[in-house]
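Undergrad: From just these sequences and the hints, can you work out the full model?
Residue numbers (this note's numbering), protein chains in the order written: chain A, 1 to 450; chain B, 1001 to 1695.
These are computed hints drawn from the structure, not numbers from a lab. Treat the numbers as computed from the prediction; the structure is a model and nothing was measured. A few of these clues could be false.
Which chain A residues face chain B? A few, computed with CB under 8 Å, are given here [to be verified]:
| hint | residue |
| --- | --- |
| 1 | V284 |
| 2 | S286 |
| 3 | A345 |
| 4 | M376 |
Beta carbons are placed, not taken as given, at the ideal position from N, Cα and C, and that holds for glycine.
Listed here are the chains, written in short residue letters.
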Amino acid sequence: MSWPRRSPTPPRAPAASTNNRVVPKASSVPPPADGEGAALPRATPVVSALLASSPSGPVDSVLAATVIALIGFGVIMVYSASAVEATVRHHDAQFFLKRQAIYAIVSVIGMWLVSRIDYAKYRKLTYPIMAVVTAMLVFVVVGFGHRAGNAFRWIAVGPVHIQPAEVAKLGIVLWLAYSLSKKADKIKSFYIGFVPHLLVVGFFAVLLLKQPDFGSAVVLLILTFTLLFVAGARVHYIGAFTTLAALGAVFLVRFSEYRFKRYLAFMDMENNRNDIAYQPFQSVMSFGSGGFSGLGLGRGLQVLYLPEAHTDFISAIIGEELGFLGILGLSAAYMLIVSRGVKIALEAQDDYGSYLAFGISTLFGVQSLTNLAVAMAIFPTKGLTLPFLSYGGSSLLVNAMAAGILLSISRPRTATADLGSNERPKRAAPSASALVATSADEGAAGGAGW
Amino acid sequence: MKNLDPERARWIKIRMGMLCGLMGLGLGGIVSGAYHVQVDDGDEWFELAERQRQRRLHIQPKRGTIYDRNGAPLAESVEVPSVSLDAVEMLRGIDPKYLPMKIQQYSARVAEALNMPVEDVADKLTRRRRFAWLKRRVSEDEVQKVRELSDRTQRYPLAGLTIEGEGHRFYPNRELAGPLLGFVSPDGDGREGLELSLEHELKGHASEVHGLRDRAGRLLFSEGVEDEQALAGHNVYLTIDKGIQFTAERELEAAMKTYEAIGGSIVAVDPATGEILAMASSPGYNPNDYGAADPDARRNRAVADRFEPGSSMKVFMMASALAAKSVDPNATIYAENGTMAIDNVVIHDTHVSKWLTPTQCLSISSNICAAKIALGLGESRLYEGLRRFGFGDQSGIPFPGESAGVLRPRGRPWVQVETANAAYGQGISVTTLQLAMAMSAVANNGRLLEPLLVKRVNDGTGVTLSEASPHIRRDVVPAATAQLVSEMLVSVTEGEGTGVEAAIPGFRVAGKTGTAQKIDPTTGKYTDAHYIASFVGFVPVEKPRITIAVVLDEPVGGTHAGGSVSAPVFRRVGEMALRYLGVMPRGSVPMKLADLSKKAEAGDTAANTYQVMGEAKVAAAPAAGVVTPSAPMRAGEARVPDFAGWPAREAVKAAMGLGLTPTVEGTGRLTHQEPPAGAVLPKGAAVKLVFEPST
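TA: Structure below.
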């Protein structure tokens, strides 16, 4: 591996070291009877089958800690951003806090579970997952969706609202990683390597545009082109189709009166600040009024004016309450997550894991960058959530599960139970210890218990 | 990627590295963008946000009430609901495709509820403002309908409609003292009359507070919430006595009708203090409906209009001459048999006479005699004398638009004939108020006082902030001279005097008539068709309690002389006012209530007044159920209202408000009261209130 690596140094935090320095064990042995493992419901055979051969090497604790810290931070920010809205609409200031806290707990457990599943097993699950995602998207588009504002983006299952677009993003990454690794060198061919992927993603994108969810469609296309590029598709195909897609997007904006108006209003925000550009304008106002160090947690006042402050525009509230320092910290956290993800991609056992890890990292990176850009009105309003922070169960759970997959890939592998016929050099152990050492060295958020 | 050949794996990593670089660039862009927005422009955004939040609220503190001297409200503020619209809120989340249709639909619903044109509502909706008044001063019915429209439990509730209370000025006595009180604009600014001149007191000081509003425009909280009472405007107690004002207006109105005059005014003053007890101007108007009133009717003629006073001025000329000792009170002056030429002008007397004393000169109102005395006094001393009585000068009354009158219209000393004219009130102009104040100086031992209109100012919590006290402008003439002139003026209302019509039985009345020809504006010459008839006097002479000036503009029909047109008005108003003030006629025993009521049955106007006022009050009572305290009979007396069916708390409150001492029995609603409704009791007297729970 060409990735520069630190030499193993004695860990400074003894607590972290004892927890992290797990001696690799045979993967067929179920995890030692730690409480959570024992308490797991063994109801579904799929889950037990998945867990049966879990690799038990240590995960990337820096990544895990950062993600958990962000989720916890998100709960606090959601409370701060939603208290007024919750009081007005639900007569309960903690309305969104309570829900987000539950989602957070469920998500962290979900992440833990997923991290224990050998990611290689997703290869077989690729098509079932794609089928479910397609069904959900179609379900929403044909009119069973739950409406919020002008968009039908949700499926209501009792009190739980699932946003298929979030699931679709992860689904497409899973499928692309599978497909690209399977096609290997044939990726260079136009009809085998390029067109099928574009057709599938194009179909998804059209479904998303129907909702309408312009932002998610764009994210899907970015993910696709990214992975195609990484896997070695010909650059001029990608260049040509990116240009085509861009033209298509321009066409969509220009000839959809509603979008074009939004665009014009966005370009001339000053004059439309009371109606169409109200949201982006309020968002920048909110973002900017934080100044260098912010107004203080819970002291932000723009929540009174900024609609959806706790979902898509939570970064504006962070900007207001925690200021430039807060945004800097937030950016650093995302950079850390993405760079750990890319590191995992580079060090992955196989190309499937590598594509998967890189796709997920790109997903986190693109979403957080876009969300911040929207909050500063660099981009027009997109309706994209801020990963791990925005209020919303499906977004949080999907992102946490994606992080879980990353963690799973990060596990060193001493034994390869069912990874196909390829024989691998057993080089994981030093890599794992290096990771642990790095994490202890950086001392990021304690790296507890993972 | 150990499953791939190293060359391919290397390329994959290189490509990943390139994409990471791109993302890194993106992050750099975001961070620098954040630095720009937050650190570079942060202060500006903060300012902007602050301005949006702290929308300055013009909270109108409750405007103070104007009371008469006995605490009867003349102008009060009541909260009237108004409906405002937040168009952005109302149209939130509507597909632009359906926007025009929805606007039509919503406007129709709102317009129907508020009884206003659909186009107006649609117009306001289309503009998409966060705040616009839809309709101000809506009725209870409309409020109910708006509530139903925005009721969230119904099928299609409308958002963005707000009902807010807005202060509305209400004049419970309608026309009473209209031109004096003035009115208040819909925005709460005093526009005319006392509402304008007392703006500072009535409006209250803390008229602006900072409040925090959310995007729905709801007031969240304000910094340093202040006591509402402290914010409220001050309550002003005028020197006006509602009873005397009522009488003055009624009598003025009657005279206006009888003589078909185009205008008139009455000023009644307490000569000892300068307090104005009544100030009537006719035609008047109802300030509750000022929009419909003729601007001419809104003018307070007693203060704003100047006119040539005629013979009334002889009083002040005479006082000046006597003070200057240029004429002996016992002298006899030759009256030239009714015609005298000065320079090239011939002046006439109505009563042709030969020799007259100064007293007779006043009582029969001889112009020739007055001219001779004035010429004896001399131009400069006459001018100075009249100035000292307050003519040609503003009186200092706190009222907007006061006219000063003009003594030297040409801006130079009078020539001989002008001096003679000035002696009997020609070629100069004065106001009714000036006449009343100058006459009060004669009544008040030669002391000219500043007219007072505001007796007391209380803040919202009832603490007295200022109390007016008499203010002496100057000693115009020695007390002896003033008393001498007073005695001379009694002759005007006795025997052969021109003002016998002003005599009040049982009192000695001092006064002077005035009948001035008006100048025809087209020819610039005096006409024989248009006159100003005036009477100014005070009563009783021994210890003057009230000075009344009555001026009628262009009376027609049979007579136009001040003695026959204005003097009777003086008598009737004076007679009533003396009873109000509790002044007993000479050598008479106090009148019993029983006698009064007998007189009332016999049709005595003065005694009837209470009755009439009571009726007027009922007629003027606002529909909205604003409780106006009953007008006290006299200072220190109160009429027991009909409490039947009232809840205990309110009955007790009302009784205490009248200065009565309630004793309470039982709970619930009032079933019995003692004494019965309508009884007149001195303040502090006990009222027994019996309550029973309603079934």
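Undergrad: Quick one, is the V284 of chain A hint okay against chain B at 8 Å, beta carbons?
TA: holds, 6 Å
Undergrad: Measuring from the C-beta of S286 of chain A to each C-beta in chain B, is the shortest one below 8 Å?
TA: With a closest approach of 7 Å, the S286 of chain A hint holds.
Undergrad: Going by Cβ atoms only, is A345 of chain A closer than 8 Å to chain B?
TA: holds, 6 Å
Undergrad: Checking hints one by one. Is M376 of chain A an interface residue toward chain B, by the C-beta closer than 8 Å rule?
TA: Because about 5 Å separates M376 of chain A from the closest Cβ in chain B, which is inside the 8 Å limit, the hint holds.
Consistency note: the structure conflicts with none of the earlier hints.
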